[in-house]
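Asker: If you read the protein sequences in the order shown, they are chains A and B. With the numbering used here, letter number 282 in the first sequence gets 282, and the count goes up by one each step, no holes. If you want the numbering used here, it's the 1-based position in the second sequence plus 1000.
Hints listed in this document are in silico derivations from the structure and should not be mistaken for laboratory results. Check before you lean on any hint, since a few could be wrong.
[What the hints assert, rightly or not] Have a look at the derived ranges for each label pair, beta carbon to beta carbon:
(1) B:Lys1086 <-> A:Gly150: 57 to 67 Å
(2) B:Phe1078 <-> A:Asn403: 44 to 54 Å
(3) B:Lys1086 <-> A:Asp441: 33 to 43 Å
(4) B:Phe1078 <-> A:Asn454: 18 to 28 Å
(5) B:Asp1160 <-> A:Glu434: 37 to 47 Å
(6) A:Glu281 <-> B:Phe1078: 42 to 52 Å
(7) B:His1067 <-> A:Asp431: 23 to 33 Å
(8) A:Asn454 <-> B:Gly1096: 27 to 37 Å
(9) B:His1036 <-> A:Thr145: 20 to 30 Å
(10) B:Leu1033 <-> A:Ala484: 54 to 64 Å
(11) B:Gly1294 <-> A:Asp398: 17 to 27 Å
Think of the CB as a built atom: it goes at the ideal place given N, C-alpha and C, for glycine as much as any other residue.
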Amino acid sequence: MKKTNNVKFKFRTTLLTSISLAAALTAAGCGNSNNNNTDASPSAAPSGSAGSTASAPASGSASPSAGSELEPVELTWYYPQNAANADLKLVNDAVNKITKEKINATIKLMPIDFGTYEQKMNTTTAASEKIDIIWTSNWLFKFDTNQKKGVFLPLDDLLKSSGQKLYDSMQKKFWDDATLDGKIYAVPNFQVSASRPSLVLQKRFVDKYNLDLSTIKKIDDIEPFLKQIKDGEPGITPFGTTKGFYSGLMYNIDNRVEVYRDDTTHTVLPDVTDELKHSYELAHSWYTKGYIMEDAATLKSAADAYNKGTTAVWFDVTGKPGSEVEFKVADGGYDVVLAPLAQSTFTGAASTMNAISRTSKNPERAMMFLELVNTDKELYNTLVYGIEGKHYEKTTGDFIKINQDAGYFTNTDWIFGNITNEYLPEGAPADKIEQTIKVNDEAYVSPYTGFVFNSEPVKTEIANVNAVKEEYGASLGTGTLDPAKYLPIYEEKLKKAGVETIRAEKQKQLNEWLAANGKK
Amino acid sequence: MPANSMPAKSMPAKTTTAKSTTAKKSSFKWSTLIIHLIFILITLSMLVPLALVIIVSLTDENSILHHGYRMIPDKFSFAAYEYFFKSPDAILRAYGVTIFVAVVGTVLSLILTASMGYTLSRRDYGLVRPTSFYVFFTMLFGGGLVPFYILVTQYLHLKDTIWALIVPGMLSPFYVLIMKGFMSKIPFEIIESAKVEGAREWRIFAQLILPLSKPSLATLGLFIMFNYWNEWFNALLFIDNERLVPLQLLLVRTMNSLDFITSRPEFALVMSNFNLANFPKTAAKFAIAIMSAGPMLLVFPFFQRFFVKGLTVGAIKG
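So here's chain A without its partners, still in its complex pose (with noise of 0.2 Å):
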């Protein structure tokens, strides 16, 4: 006892040093990491500018053709995938066969599935890695946050000296999703691009019922089959929802912001539109009559619900034309048809898009390799639908029968690039590209495109405004909640958390960018 105690006298002063000094050693750590930081991100960026003055010359000379002239370079390019592929280097290699010889470029494939893309890349990119193309979207890495975290570079110069017919390669509306502060920061992958909010129906029960589909023009219509439903055929539910079944795009309202789309004056609705009522006191009745299940509330995810096969009508925001094939594998295999309820917009292609990171070195060859990407069908195919022979068999003209478990095998055309120069794989309609650039063509496009609000200055009021949608949302969505009673008490509440604050925000920006764009 009494020996620990003299040790412990004897080295209190030591302890007392060395604390300091672990203090002065840790305080000293941070602030080398800091440098460290500070010191990488701003080199990193000027590397990469400089890399981009000091080739940009030589791209310009060399790009009639010869790759060869080209300093090799190797680019890593990292996108989601469903699932590990056994044969991706021999992919890979095949791909840089390609592009060695077009660009004198090799590319690092580097494939990370969906469920982790978003945090891997959120780690990646905050730690400054040095990545030449990234995939971006509006629903996971999402491209504004991260372009206002700087992660992405600026492409207008690239496109202009390395890019210019992949720019030409696409119409203006594209690029203008992919434009941020007026810059372009990704490149678009082209595909179905249009939302059309429409019924889902059970073929059989159509079929059973001699329903009409001609006679669907609004959602409301649909009341009479439902009670059909209901009536002879136990065990279905005649209409599947979880969050309610309302879309501005059924209304007339536009889908940038929410405003009539004939509305001269421009103005901002309120959250709760008189469509919106509508639509809860129809749900609602629906609800009671039995039409819609009891637990839609509360339900995680809708695809459970249809996946069984067991409901009859759902509404699906996006309905997009062709897609009857699809809904029918996430409905039990029952097969499907649409009755759209409007018709088709056009919502942008901030879906899927690649975009070249701020810490890439090489930017303008990244920039050449997304060109090739995008107008070789044959590195195209190559990277969707692996080896020729291996992966894939061509049989008539563009249609190839896929091996699915020969070790390469991607069903995700739409992440690396342009469809339109894909194969078809056996059982698609021939016709498939064809009616892709014509939906896009004829969709309503938005007089709002490019206006995109800054929730900046209201961010505390749309975070009191979605809890209260998060309390109330569904329950008055699904017709759970009697919107006679809990509609009052649902807009006080929103009025409580600042929602007129959030529309008088939107109405000023958008008056403002109306202004700017010389449209008022």
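We have chain A already, so just place chain B on it with the hints.
Answerer: Quick look at chain B alone, frame taken from chain A:
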């Protein structure tokens, strides 16, 4: 007196025991029965869910969808396991990686933890308090994910190597403190006597302290092994090479992706060929649980007897 008193005392006792034993016996019986029942219930409450997990993993997906989870399903199916073992290379290699990491990591980690704990437990070691403070300090403050990532990838250059799975988990300050707590209970005199006999520090550590610390080594060893076994996050961050993916990451990825795909109907639709209807989604989740936990369930009982002795963080030990 005692000889006398014995029968004298036992005489009346007998009469009472005749009565009381019957009473006692019955009451005894009741209490044991209740205690047994309680323990049977506790055991069942642990075993039944496990059994259910196993059964669900073997149930046909349609049967789950239509009837929910059942102890006796109307249709068994190995589809979930077939899905994982469709390409056995990947999963077997993942098992290999995990076992390697768990074994090598546990051994290295135990050596480190024991030597550090031992150093801290020696009260004649001058820098005990600053060192303890240093260890303790790391429990309070961490650098965060990004600095950790930068450290491992840019300074240690461990990216895409198996060491990225082993090195970061090698020393846990908490385990060091547990180890220290255990080792400071070893009488200091043992060390002194060993010194008198002429043993040097390494010898004392290896031949006296380590054998005496077996309970805590076994306990911590099990904990560390669990940690290594369950480790997937480091692998997610640092491993791109498919050959180095450990089991847990493989399963986490499968499950996340399944959740991801199925929770977004719009996404499932984009993937036109993904056959959602036939995929044993629920069963697969349960199969994942069985596959990842299975081997550890078998290991656990062998360590169990060390637990009581091995786990004492400071304080007084009975």
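Asker: Each hint should be assessed against the structure and marked as holding or not.
Answerer: Going down the list of hints, with the structure as the test:
1. For the hinted restraint 57 to 67 Å between Lys1086 of chain B and Gly150 of chain A, the CB-CB distance of approximately 42 Å leaves it violated.
2. Between Phe1078 of chain B and Asn403 of chain A the Cβ separation comes to about 24 Å, which falls outside the hinted range of 44 to 54 Å.
3. The hinted window of 33 to 43 Å between Lys1086 of chain B and Asp441 of chain A holds, with their beta carbons roughly 42 Å apart.
4. For Phe1078 of chain B paired with Asn454 of chain A, a C-beta distance near 54 Å fails the hint of 18 to 28 Å.
5. The hinted range of 37 to 47 Å is satisfied by Asp1160 of chain B and Glu434 of chain A, whose Cβ atoms lie roughly 44 Å apart.
6. Checking the proposed 42 to 52 Å range against Glu281 of chain A and Phe1078 of chain B shows it holds: the Cβ atoms sit about 50 Å from each other.
7. Remark: the range hint 23 to 33 Å for His1067 of chain B to Asp431 of chain A is contradicted by a beta-carbon distance near 43 Å.
8. The supplied range of 27 to 37 Å is broken by Asn454 of chain A and Gly1096 of chain B, whose beta-carbon atoms lie about 52 Å from each other.
9. Against the hinted window of 20 to 30 Å, the Cβ-Cβ separation of His1036 of chain B and Thr145 of chain A comes to about 59 Å, which falls outside the hint.
10. Between Leu1033 of chain B and Ala484 of chain A, the C-beta spacing of about 58 Å keeps the proposed range 54 to 64 Å intact.
11. In this structure the supplied range 17 to 27 Å is violated for Gly1294 of chain B paired with Asp398 of chain A, their Cβ-Cβ distance being about 48 Å.
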